[in-house]
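With the sequences and hints as input, model every part of the structure.
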Amino acid sequence: HVDNYVTIYSAVTDKPFSKEEMIRMSERVYNFQRIFNLRRGYGQRAHDAQPYRAAGPVTNEEYESRAERYDNQLKDLLGIDPEGKTTTEKNAIMREYREDQYEKLLDAVYLRRGWTNNGVPKISHLEDLGMDLPELIEVIKPHQE
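The numbers in this note's numbering rise by one with no breaks, and the one at position 105 of the sequence shown is 115.
For the record, the hints were derived by calculation from the structure and aren't laboratory data.
No more than 27 angstroms apart at the CA atoms, straight line, and that leaves these computed lysine-lysine pairs for DSS-like:
| no. | residue 1 | residue 2 |
| --- | --- | --- |
| 1 | 95 | 85 |
| 2 | 85 | 114 |
| 3 | 114 | 132 |
| 4 | 151 | 132 |
The following block contains the structure:
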């Protein structure tokens with residue numbers, strides 16, 4: 011996948027270019043976009059929230075239409091016996107579990123990207139990327155942990 015972009019970039023610019031350089035350039039762009047969004051009042055953890063729909067059944071009717079599937083998930087993933095619980099209770103347990111899993115995913119992504127727990131690029135990471143320009147640092151500095 012990335013190799014195709016490297017080939018095209020090298021052909022268009024007539025400059026040798028590696029996959030690692032392409033990935034590094036992409037990382038710089040992604041961090042710049044994040045800072046730009048932060049400057050506009052976005053670009054933090056609250057703005058990375060998953061859609062309500064993605065966290066599980068939206069209604070009790072939806073849960074009941076696939077009750078066997080969701081009940082099995084309660085048993086297999088959480089070790090919870092769904093017997094005796096109302097659909098509302100089971101739905102709430104499933105949603106809480108999925109929302110918690112999403113928060114853990116955000117933690118892992120932010121750590122890997124070199125961002126704070128709130129999803130803001132760390133100054134040290136911008137330094138590593140050669141992006142420690144005063145204009146960028148000014149935007150992220152108030153959001154460092």
